[in-house]
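Same order as they appear, the protein sequences are chains A and B. Number 129 in the working numbering belongs to position 129 of the first sequence; there are no gaps in the numbering. Number 60 in the working numbering belongs to position 60 of the second sequence; there are no gaps in the numbering.
These are calculated hints, taken from the structure and not from any lab test. Glycine is no exception: its CB is placed at the ideal position from the N, C-alpha and C atoms. Hints should not be assumed to be uniformly reliable.
Once the Cα atoms are required to be at most 16 Å apart in a straight line, the calculated EDC-like pairs of lysine to aspartate or glutamate come out as [claimed, not checked]:
| hint | chain 1 | residue 1 | chain 2 | residue 2 |
| --- | --- | --- | --- | --- |
| 1 | A | Lys22 | A | Glu171 |
| 2 | B | Lys61 | A | Glu100 |
| 3 | A | Lys61 | B | Glu100 |
Rough simulated footprint, nothing fancy, chain B against chain A, three-plus residues with beta-carbon under 8 Å [to be verified]:
| hint | region |
| --- | --- |
| 4 | 51-58 |
| 5 | 86-98 |
Some but not every residue of chain B turned toward chain A, in silico, with C-beta under 7 Å [said to hold, decoys possible]:
| hint | residue |
| --- | --- |
| 6 | Ile52 |
| 7 | Ser54 |
| 8 | Asn55 |
| 9 | Thr59 |
| 10 | Gly60 |
| 11 | Lys61 |
| 12 | Arg64 |
| 13 | Leu67 |
| 14 | Trp94 |
| 15 | Ala97 |
| 16 | Gln98 |
| 17 | Asp99 |
| 18 | Glu100 |
| 19 | Tyr118 |
| 20 | Asp131 |
There are 2 protein chains.
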Amino acid sequence: MTITFHGGDTGRWRVHAQHTVKGDALPPAARVAVADTDSDAPTHPAWSLRGIVSNLRYTGKDERERLAARQEGLGRRQAKAAALIPIRKDPRWWALAQDERRAIIEEQSRHISIGLEYLPAIARRLHHSRDLGEPFDFLTWFEFAPEDEPRFEHMLARLRASAEWRYVDREVDLRLRLDD
Amino acid sequence: MTITFHGGDTGRWRVHAQHTVKGDALPPAARVAVADTDSDAPTHPAWSLRGIVSNLRYTGKDERERLAARQEGLGRRQAKAAALIPIRKDPRWWALAQDERRAIIEEQSRHISIGLEYLPAIARRLHHSRDLGEPFDFLTWFEFAPEDEPRFEHMLARLRASAEWRYVDREVDLRLRLDD
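This is chain A alone, in the form it adopts within the complex:
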């Protein structure tokens, strides 16, 4: 399933903060539309980022079962806050073998375990972009209740302090709200 995030003047999600964490910025956007078909695309977006919901790349069977037992889907009624965090990793990352990347992600950085601690409050969907020739490698989408945003910040701070994040060379952080 290919998802496109369109930033611009239209879309269901209102941008309430847009922050460049590392590398080049994205043009400013007032709203974000999340489209799963081309026909949903707005006419003149400021930017469009595509990604694919694909198979698991690092998650093991036990982790998958723990995640499945705790996680809830997107679109929950109380989840009126969201974040879109596009990330690119540097060429050193992509030259690593599978076991080296897995060791950095989980054994060193506890990426999967940290995400698990914040379930079910912080729902998450990962979109893979690198193989599409996109400017970012991943687009991570999070949904949560607005009162859980401090917990979300805490989770992000832990991930950004990890060994894995030393390979991130571009990152933008967009915070979004659904209007009542």
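Based on these hints, arrange chain B on the given structure of chain A.
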């Protein structure tokens, strides 16, 4: 890097055998063109299959080093024979966690180790297609000297007899030759 294989009446590689191993056939083609840009595309191909040369998905560091020490590149002067083997795996495969797929590929099926035994004679490049919404999940391209085709057959027979191949639900086998 995106590569497109075009089957039809034109292209550098002459098809000397086209065989459907499992599932639906591909329309017959007399020649195959390998294109790394859209401008190289023939006008009316019988079929076009796209794939991406991407990062390693299962190969570990030690395996990568053993492969790198033995493998040779594509385009060797003596490599006038090639094979294009498009494969699709069934939904059960893609629902497995990373460690389950890795265990089937290598610990049960010895896919990486078997490939290593045939290096440097059988050069290989894997193209990932599934995330592009293509009809196959992988396009594997092999190049070898025509006198090594029996060794190539032997390698394929071992892989097709493996636990991993029980997840393959579509496979086509094209054998190609460069004209002198």
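Consistency of the hints with the structure:
1. A:Lys22 to A:Glu171: 5 Å, holds
2. B:Lys61 to A:Glu100: Holds, at roughly 7 Å.
3. A:Lys61 to B:Glu100: 7 Å, holds
4. 51-58: It holds, with 6 qualifying residues against the three required.
5. 86-98: Since 5 is at least three, the answer is holds.
6. Ile52: Holds - the Cβ of B:Ile52 comes within 7 Å of chain A, reaching about 5 Å at its closest.
7. Ser54: With a minimum Cβ separation of about 5 Å from chain A (threshold 7 Å), the hint on B:Ser54 holds.
8. Asn55: Holds, because the Cβ-Cβ distance from B:Asn55 to chain A comes to roughly 5 Å (cut-off 7 Å).
9. Thr59: 6 Å, holds
10. Gly60: 4 Å, holds
11. Lys61: At about 4 Å, which falls below the 7 Å cut-off, the nearest Cβ of chain A leaves the hint on B:Lys61 intact, so it holds.
12. Arg64: B:Arg64 check passes; min Cβ-Cβ to chain A is 5 Å, inside 7 Å.
13. Leu67: Status violated, d = 10 Å.
14. Trp94: Holds, about 5 Å.
15. Ala97: With a closest approach of 4 Å, the B:Ala97 hint holds.
16. Gln98: 5 Å, holds
17. Asp99: Holds: closest Cβ of chain A sits about 4 Å from B:Asp99, inside 7 Å.
18. Glu100: Holds - the Cβ of B:Glu100 comes within 7 Å of chain A, reaching about 5 Å at its closest.
19. Tyr118: For B:Tyr118, the interface hint is violated, since the closest Cβ of chain A sits about 20 Å away, which is over 7 Å.
20. Asp131: 5 Å, holds
In this structure, the hints that do not hold are numbers 13 and 19, in rising order.
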